[in-house]
Amino acid sequence: MKTSQKVAGATANYVDERTGAAKWLKKNLTKVFPDHWSFMLGEICLYSFIILLLTGTFLTFWFDPSQREVVYNGSYLPLSGVHMSAAYDSTLHLSFDVRGGLLMRQIHHWAALIFMSAIVAHLFRVFFTGAFRKPREFNWLIGVGLLTFGIVEGFLGYSLPDDLLSGTGIRIAEAILQAIPVVGSYLSFFAFGGPFPGTSFIPRIFIVHVLLLPGLFLALITIHLMLVWYQKHTQYPGPGRTEKNVVGYPLMPVYMAKAGGFFFVVLGVTAFLGAVASINPIWLYGPYTPGQISAGSQPDWYMGWLDGLVRAAPPLETHAFGHTISWNILIPGLIIPGILFTGMALYPFIESWITGDKREHHLLDRPRNAPNRTALGVTAIVFILITLANGGNDIIATHFHLTINGIMWFTRIALFIVPPIAFVITKRICLSLQRADRDLVLHGRETGRLVMLPSGEMIEVHEPLSDAKKWTLTQHQNPDALPAPLPASATVGLKGKIRARLNRANAVQIPAPTLSDLKELGDGHH
Amino acid sequence: MSNQVERFQDPGLPEHVHRNADVDPKAAKRAEQQVAILFLLSAVGTVLTIVSYIKVPKDKFFYLPIMGSTNVQQLLLGLGLTASTLFIGLGAIQWAKKLMPDQEVIAERHEFRSEEVDRAELVETFKERGAAAGLGRRSLIKRTLGLALGLVGLSPLLLLRDTGPQPKKYFNTTDWAAGTRLLLDPAGTPIKASDLEVGAVAQVLPELPAGTERTLENTGKDAVLLIRLRPEDFNLDAERLSWTHEGIIAFSKICTHMGCAVALYEQQTHHLLCPCHQSTFDVTRAAKVIFGPAARPLPQLAITVDANGYLVAKQPFTVPVGPSFWERNSSNG
Amino acid sequence: MKRLSSFRRNRIAGPILVVAALFTIGSAFAVASALPSAQKTVDSGTSTLVSQGKEIFLRGCSSCHGLHAEGGSIAPSLIGVGSASVDFQVGTGRMPMADMSQQAMQKKPVYNAQETAALAAYIASLAPGPASVTNESLTYERDGNTALGGQLFRTNCAMCHNFAGQGGALTNGKYAPSLMGVEPKYIYEAMVTGPQSMPKFTDATITPQEKLSIIKWLQAADHEQNQGGASLGRVGPVTEGLLGWVLGLGLLIGAAVWLAMKAK
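Residue numbers (this note's numbering), protein chains in the order written: chain A, -6 to 519; chain B, 36 to 368; chain C, 6 to 269.
Honestly, the hints are just simulated from the structure, not real lab data. This structure is a prediction, so every number in the text was calculated from the model and none was measured. Here a beta-carbon is modelled for each residue, glycine too, at the ideal position from N, C-alpha and C. Hints should not be assumed to be uniformly reliable.
[Claimed, not checked] Reference listing, derived: stretches of chain A covered by chain B, where coverage requires no fewer than 3 residues with Cβ under 8 angstroms from a Cβ of chain B:
{"hint": "1", "segment": "4 to 10"}
{"hint": "2", "segment": "137 to 144"}
{"hint": "3", "segment": "159 to 170"}
{"hint": "4", "segment": "241 to 247"}
{"hint": "5", "segment": "251 to 260"}
{"hint": "6", "segment": "368 to 375"}
{"hint": "7", "segment": "474 to 485"}
Chain A on its own, in the form it takes in the complex (with noise of 0.2 angstroms):
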């Protein structure tokens, strides 16, 4: 026996004996995982944060979080003898005065900026593909909690800098607590110490994206892993492909190799993106003072919906009684996104609420398969995109020659009038894709090719699909994998009326094709 494999044998032996490991390990090594590229969003969010967790351990071995001011008189001249917080001139000293500190600084702002775009991207995945069904209705809870804590903790780590732009973010974020009734003024004065700006602003949110919110997404994403792997993940049907089975490569070597050769990367790609493209320059946006500000300005772009949405809002105030209501930012600014997120959360519950159906699924559905889920979850993009779009009307507007003026009152009717027709056309086009699905299962693949009868008759040759193919097209109506109609006892009073309308749209699809059906065509191609 080689020296190595010695040494692995005792150590081995050295941790069974006092953990039992082995049996599970023994367990786990073999596990299945399928394999498709959309499953492997979900790890650029992984390895995102990690990548988050150690240029982040990196950035605060320099980085001050104090709002004490101080003068500058580091290497870059444009800012010399300017009193500035601690936190922007450690920041400054970070980025030119520590050799590897601005990539760092870069590499982390980027790979926050792909945390959430992955988490969109997976979040998008999930949702059109029903993997969000039960059992795994706890793991998109989580998700929807990390998406929700990912924006904060990203607003709340480009605000540590204390620069001209972020510290506008943070004005308006005060400007939102403060005009929440009752209590705004107060839960102001005690996040900020005082009045805006303070010195304890600073420090305080320093803390929560350092030390609460990083422990609260580790322990999230560590159930949100244990429960994708004791459930096992999801599949997209195919054939071989059942409710009761995986199909895919083993954990080891396979997936080992493909999983962390991705973690690298992933963090390759960031690192790339950190060497070659500058992101919040601060020393160029100057230190904080609430007397001063830059035309286009915006938040990140994950906050750049709830820009648009304040933007969009009208004038709305009521003042009575000695007192004042803003809802023209509460309406944009929590009312509107609660409503989103408190939806997005609950849709799964929802959706089984109108299909009825309270069975496992394992396999996947083709986003086509049902209609009303995509057409609703393309709407809500739509108008995702539209309020962001409107976050960044003023510098759309420079470039494209457009005014603000028009981009926002385009916006205030684009949001009503966009999305329900988003609707419409998406299910249209689901349907429509369906019915080519089964164009396809019956008549075959359209070749090109033509081809002379004897009879003089000119035919299209058509290649029929594969018995694998045929399979997959059509095992989404198969008896066993449609939902149950609701009893009769669901659909009394007006709730189960609603429940029974929404019922009946939701179930309306494109008969997939049997073998019957193929039998009956005969031999006809046309």
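Using the hints, position chains B and C against chain A.
Just chains B and C, lined up with the frame of chain A:
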């Protein structure tokens, strides 16, 4: 014609297709070399990182297309780090794709639901041991436990009380009072009416009592924008007109929407634009909101000149400045 | 010949023809527009600068600004605007205005330096106003303070022109232009004269020395090297977010697709 509808059947896992490297030893060798090259590139990347860190000076820049004049050390450190990590990943993935077994494997899923026996036993255990604890029977214990836990939960809330003072009347006052001189920001010098021409603006702050340091909190409430128009351009009532001086009008610079500094003055239209959410204020009509989400005009500061001709405030602001809050009496704007 | 006629049926024949046509038209246009326009001859030997300027004014400006520069409904009065205004507006090509849109756009100047000086002298002769300056007379390198300039810029200018002087949106399609690559004298003259939407910054509110500091800071910003890589336009998080999605997530999804593809 049978009544039974025949459905398509699951044909099972497709035939495994071998990769080149599975059947051809030369292809396998080539794949191995590819993986090796990728790992070597990573090593090169690490060397590049180390060399850039030690040898390249911090302040050297060179010109690259698209990127412009770029810091050499930052770029090389970054590219080195990129190479050192990316190629490990690409190598590992290529290794898995080309050489590791790619036979699809099937594993069975298990029912999550516990056995009926276990469920029943759990319920029994819970009932038995719950009864043994006696919480149900001993209502005195239950109630006092509830009281103790409820009260102890209040202590964290209590301990956070000193995170900040109460706002009290803070929002209602600024450092502007009758006779306070207007000082230029950031120069700090006082300003005369003749210093402004029609169409000119100035950023001003109040003169603070001697020895008082100006903090950002002060600025956040006191910042004022001074604008000079032709007197005939105003469309104001008599009272507001008396708050101006020879066409010079002063407004709080803190947006009444969400507190950004409103200072984009369009000289020809006499509009003030806040760049945060595009609220637009009409200076000729006492900063009335004409577009955007702000619901209240910018508070106007009444100004006049003192004996030496310097611009001074006539009186404090008559309404709280900045964004709204619950206790704000907004009947006067 | 047979090769050419059979090439007609090739599927890239169409695109090649389009490209060739575009190239031909484009080159022809470039050549045509590069031809020097007829020189405006002015006999400077017999007229003074002011009367030369008056001549040019009557020819090219009076139709909007009035025969005596008194202005009208479509253009403001130029009496008292000073040679600084003329040097700025005409020198940057904003005037004569190409169309009656919201804002005079910077474009290739119609008048050369000598004609601009003549116009400026004429307008200055009508009434006292701010005087034009030359780049050489602006001793910002010696007398300006970059850091102070930055503070002044952020307090007085960034709200329209953006923190790095990249420009910004105003209402109804107006905009504050980018200040990158603008000659120091035009910056100075713009501050003093307050062109169109821009307010005036008199020498009392921003002293000449402070104005020099602002110019020095702008020059530094213009030549500022990219510490962290490609600058992405220096407009903030909008372009950063766009790149993060397109390049960041795009590359990673590309890697994921490659990862999951069966190897040959």
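Hint check:
Check on the segment 4 to 10 of chain A: 0 of its residues sit with their Cβ under 8 angstroms from a Cβ of chain B, so the three-residue criterion for coverage is violated. For the segment 137 to 144 of chain A, the stated coverage by chain B is not satisfied: 0 residues place a CB nearer than 8 angstroms to a CB of that chain, which falls below the threshold of 3. Interface restraint, the segment 159 to 170 of chain A with chain B: holds (6 residues with C-beta to C-beta distance below 8 angstroms; minimum three). Three residues within the 8 angstroms Cβ limit are the bar, and the segment 241 to 247 of chain A against chain B gives 5, so the coverage statement holds.
Only residues whose beta carbon comes within less than 8 angstroms of a beta carbon in chain B count, and the segment 251 to 260 of chain A has 9; three or more means the coverage holds. With 0 residues bearing a CB less than 8 angstroms from a CB of chain B, the segment 368 to 375 of chain A misses the requirement of three and the coverage assertion fails. Under a criterion of three residues with beta carbons nearer than 8 angstroms to beta carbons of chain B, the stated coverage of the segment 474 to 485 of chain A fails, only 0 such residues being counted.
Checked against the numbered hints above, the structure violates hints 1, 2, 6 and 7; every other hint is satisfied.
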